[in-house]
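Novice: Note that the protein sequences, when read in sequence, are chains Z and Y.
Going by the numbering used here, the first residue of the first sequence is number 275, and it counts up by one from there.
Going by the numbering used here, the first residue of the second sequence is number 12, and it counts up by one from there.
Read the hints as simulated data drawn from the structure, not as lab findings.
Fair warning: this is a prediction, and the values are worked out from it, not measured in the lab.
Note that CB positions come from ideal geometry on N, CA and C, so glycine has one too.
It is possible that some hints are incorrect.
Said to hold, decoys possible - Counterexamples of contact, computed for chain Y against chain Z with all Cβ distances above 12 Å:
1) N92
2) D97
3) L98
4) D280
5) Y281
6) E286
7) Q312
To be verified - Stretches of chain Z that chain Y covers, calculated by requiring three or more beta carbons in the stretch to come under 8 Å of a beta carbon on chain Y:
8) 462-476
9) 485-499
10) 628-638
11) 740-748
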Amino acid sequence: MNLNELTAHELRDLIKAQKTNTTDIRDSLLDKIKRADSKVKAYVRTFDTPKDFKEIDTAAGIPISIKDNICIKDQETTCGSKILKGFKSPYDATVVKKLKQSGVSFIGATNMDEFAFGSSTENSCYGPTHNPWNLDCVPGGSSGGSAAAVAAHEAIWALGSDTGGSIRQPASFCGIVGLKPTYGRVSRFGLIAFASSLDQIGPLAKDVTDSAILLNIIAGHDENDSTCAEVKVPDYTKSLVKDVKGLKIGIPKECFIDGLDPEVKTAVMEAIETLKEQGAIFKKVSLPHAQYAVATYYIVATAEASSNLARFDGVQYGFRTHPEQSRRTPLIDMYEETRDKGFGSEAKRRIMLGTYSLSSGYYDAYYLRGQKVRTLIKNDLDKIFEECHAIITPTSPTTAFKIGEKVEDPLAMYLSDIYTIPANLAGVPAISIPCGFAKNGLPIGLQITTKPFDEETLFRIAYTYEQSTDWHKQKPKL
Amino acid sequence: MNTFETVIGLEVHLQLNTDTKIFCGCGNIFGQAPNAQTCPVCLGLPGTLPVLNKKALFYAMKIAMALNCQISPYIKFDRKNYYYPDLPKGYQISQYDFPIAKNGFLMVNAHGDLKKIGITRAHLEEDAGKLIHDTAVNCSLVDYNRTGTPLMEIVSEPDMRTPQQAHDYLTALKLTLQYLDISDCDMEKGSLRCDANVSVRKMGDAKLGTKVEIKNMNSFKAVKSALEFEEIRQQKMIAAGERISQETRLWSEEKQATFAMRSKEEAHDYRYFPEPDLVPFIVEQKIIDEIAHSLPELPLQKLERFISRYNLSSYDAGILIQDKHLAEFFEGCAQLYSENITPVSSIKNNKENRDNTDHTHILKGVSKKITNWIIGPLQQELNSRKSDINTIELKLEDFVKLIALVESGSVSNLVGKDVLKFMLDSGKGPEAIIAEQGLAQVSDTGALEKIVDEILNEHAQIANQVKEGKESAIGFLVGQSMRKTHGKANPKLLGEIIKRRLLNG
């Protein structure tokens with residue numbers, strides 16, 4: 275039995291029984307990374323065992339991998355971007371601090387779309403990550419490195435960030451569990467911002483139990499983050515019960531769109547049947563404004579991103595050029611060339627989109643209207659949650675696509691997040707769990723959404739489904 | 012003659028003296044070693060988030076109240092996006108559509124006349140860092156110590172018509188702010204900064220002239236000079252039929268002139284949008300009430316009270332209130348003096364006062380004396396020492412005792428001034444100084460008779476003139492006698508003795 279192939283809770287039991295220890299777990303992971311990551315390319319860097327690392331024989335002590343946009347003190351954090359090359363954070367993100375306090379150690383930083391701009395992990399200055407189920411395919415994105423690392427057993431579990439589906443869609447593509455918690459459930463302090471009003475850190479794991487354990491550790495109010503809610507954190511592992519009797523679950527009629535892959539549709543319909551057998555009650559519901567979600571998202575998210583990325587100007591840290599040919603003033607030359615050479619093309623596209631929609635004369639028509647539609651979408655969801663405990667949809671309309679397939683067609687790429695975006699716009703929690711495989715052998719994901727701060731119901735439904743199937747036990751052959 | 016009208020509006024930036032910065036826990040002290048007062052948050056490092064310092068908000072509310080503004084209980088911040096190396100996030104957190112204060116006014120006391128200057132709005136924001144251009148090594152350095160200092164921007168209505176009025180407004184504003192004790196208000200340290208908008212139009216024109224913004228003034232005097240220069244420049248241009256361009260001009264202290272900024276900056280589009288890292292919230296009325304309650308008496312209120320309670324002239328009261336601490340010193344003195352109307356036994360000369368039990372009356376009676384001592388000898392001493400009431404060591408009780416000693420005739424007015432000087436030098440009380448230096452007034456008639464004898468001998472000619480009826484010459488003889496006793500003699504007694512000897516003898 276390979277330690278790296280176990281879940282965190284299985285390892286925890288072994289540690290308790292003194293059958294293994296964290297050093298052995300780290301070694302097995304590093305060994306796997308050495309063997310497999312030249313193919314998967316999930317990691318942008320691995321960390322040495324920290325000098326002050328103590329073996330903690332407690333429930334914690336399981337190593338974790340984190341997305342390259344979450345700051346660890348004295349480690350390089352680059353967001354998959356050339357412009358942050360060499361930046362070492364002088365502080366720990368709040369989630370990192372919490373993990374350290376729980377005795378969790380860090381294995382490595384995982385690849386991502388530059389600044390989380392993308393759905394395929396192709397937009398990284400380190401090159402693309404490959405899907406462990408088919409190396410010619412993308413792992414999804416933007417947390418593709420974290421998802422691929424977990425799926426390839428190069429990580430026990432991992433942290434990602436989700437702005438429009440960046441945890442759930444890669445979890446779906448890689449056949450693992452990915453959770454975007456309620457906005458404000460987990461501190462964003464130390465997460466390098468993409469879109470501040472949408473970003474949320476969350477777990478990517480091999481099963482629902484590990485997701486609940488990880489959320490237990492990272493959730494809770496943080497005085498360093500004003501948007502982090504002062505809502506009590508329940509013990510999420512208590513929600514891991516196989517029981518959905520009487521729970522009402524909505525199926526939005528709008529989710530069966532043209533672009534929905536029939537195999538994905540079939541898998542989701544079968545998942546619904548499985549939950550029905552467990553006692554859940556299904557209901558057709560409607561999200562009348564869902565059709566505007568992607569457009570709204572690209573207005574709001576890019577507007578915030580254009581401002582959030584202004585700080586990468588070459589002045590204080592990271593990459594800086596020294597232009598020799600002066601065009602305007604030395605300062606403006608430095609700004610322009612640094613940002614021109616430091617950012618990739620998707621980053622530039624989004625900065626331009628966001629700058630445009632915030633510009634004087636366009637603000638009302640774009641940003642302001644976007645915020646209004648956002649409220650409508652939230653109202654749609656609120657209304658459904660008045661009569662339903664949860665909503666079920668596919669996580670993504672397709673399984674993983676080929677590397678390079680959508681690079682030249684950003685709009686097609688953006689549609690990959692059509693089911694995941696509404697949860698970010700509304701701030702509600704959503705999880706993606708494996709619900710089958712397509713004929714081509716690629717995993718399919720099921721998305722469950724609940725009302726704000728009701729991750730407990732989310733876990734309960736996900737756990738019940740997971741315990742009724744064995745999709746999560748499948749392993750890619752690498 | 013006056014064919015032009017000048018229209019001036021001022022924009023003041025005020026650093027608030029909170030203990031910590033507006034969005035992080037860093038100290039907020041001027042003059043630290045470069046970048047010593049920084050943390051990941053105010054350096055704008057990736058991943059960091061702002062958290063509002065409530066104290067800065069409360070200070071801002073105090074300012075809003077003192078400026079008679081409508082206060083917005085809905086607190087919302089926005090991002091103002093622009094690039095500059097002293098702005099580490101690439102945006103400034105400020106307030107755009109919901110300023111904390113709007114529609115207020117300040118009553119400006121300009122040489123006895125009260126003028127109401129409108130306050131358009133005042134909002135809270137963060138200060139930027141400071142660029143240091145090192146010509147020796149041909150590079151620019153950034154000091155981020157100032158980054159994140161709470162800043163209140165106070166925008167006036169274009170209600171001022173002369174550079175002097177602008178100066179008066181700034182003086183009144185600064186005084187009000189000093190009373191609130193929320194800022195150092197020091198233009199040299201940059202804790203108070205002022206930009207001016209000025210336009211000129213032909214008298215009677217309804218339409219405003221083209222507005223010019225002037226920056227880079229580092230004193231109130233410079234603001235006035237810059238406006239005077241600009242006023243004339245624009246008048247000349249209009250008279251010559253030239254068009255005034257809307258631009259930003261910099262004041263040169265050295266050349267005493269304004270100059271258009273070298274590169275005509277492109278019109279900024281700051282792309283304001285709501286700051287997503289700070290959730291808007293509503294301040295409870297209870298808290299607003301508490302802040303209103305904690306508001307101190309403001310300069311104009313104090314002025315009015317001093318006039319009515321202490322019977323001071325508006326001139327005297329006006330001087331006292333120019334410094335909150337001086338005003339407090341005066342009140343302390345007046346209180347102490349009237350409560351201990353006989354701080355020394357020698358006050359028996361003023362028996363009638365002691366019998367007067369009307370406290371208010373007493374207050375009014377002593378206030379003039381105390382005011383004269385404060386704005387006279389004390390102020391002179393402070394000026395010559397280049398210090399103020401806060402920095403000198405002067406006990407209220409000692410100062411009151413000194414005035415009482417002079418009043419009772421224990422020392423002369425002249426000697427009293429010397430005693431004050433010694434008090435400030437040594438920190439000792441007036442009685443100790445008088446005793447040590449033997450300055451007590453000589454009222455012993457025998458001793459004085461002897462001195463008068465000597466003086467009459469020395470100035471026989473003058474004495475004769477007095478005898479012949481030139482009574483005005485008595486003053487000279489008294490003066491000479493005073494001189495001989497080094498000011499210690501009781502001048503009243505001296506005069507009586509001389510009169511008796513020359514006129515009745």
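Novice: So, for every hint listed, does it hold in this structure?
Specialist: To see whether the hints hold, each was checked on the structure:
1. Against the 12 Å criterion, Y/N92 falls within the reach of chain Z, whose nearest CB is about 5 Å from its own CB.
2. A beta-carbon of chain Z is positioned within 12 Å of the beta-carbon of Y/D97; the least distance is around 9 Å.
3. With a minimum CB-CB distance of about 9 Å to chain Z, Y/L98 fails to clear the 12 Å threshold, and the non-interface call is violated.
4. Not every C-beta of chain Z lies more than 12 Å from that of Y/D280, the closest at about 5 Å, which undercuts listing it as non-interface.
5. Not every C-beta of chain Z lies more than 12 Å from that of Y/Y281, the closest at about 8 Å, which undercuts listing it as non-interface.
6. Listed as a non-interface residue, Y/E286 fails to keep its Cβ farther than 12 Å from every Cβ of chain Z; the least gap is roughly 8 Å.
7. The beta carbon of Y/Q312 is kept farther than 12 Å from every beta carbon of chain Z, the shortest such distance being approximately 37 Å.
8. For the stretch 462-476 of chain Z, the stated coverage by chain Y holds: 9 residues have a C-beta nearer than 8 Å to a C-beta of that chain, and at least 3 were required.
9. Evaluation of the coverage hint for the stretch 485-499 of chain Z: fulfilled, as 3 residues show C-beta separations to chain Y shorter than 8 Å, against a requirement of three.
10. Only residues whose beta carbon comes within less than 8 Å of a beta carbon in chain Y count, and the stretch 628-638 of chain Z has 5; three or more means the coverage holds.
11. Counting residues of the stretch 740-748 of chain Z whose C-beta lies closer than 8 Å to any C-beta of chain Y gives 0; at least three are required, and the coverage claim is violated.
Checked against the numbered hints above, the structure violates hints 1, 2, 3, 4, 5, 6 and 11; every other hint is satisfied.
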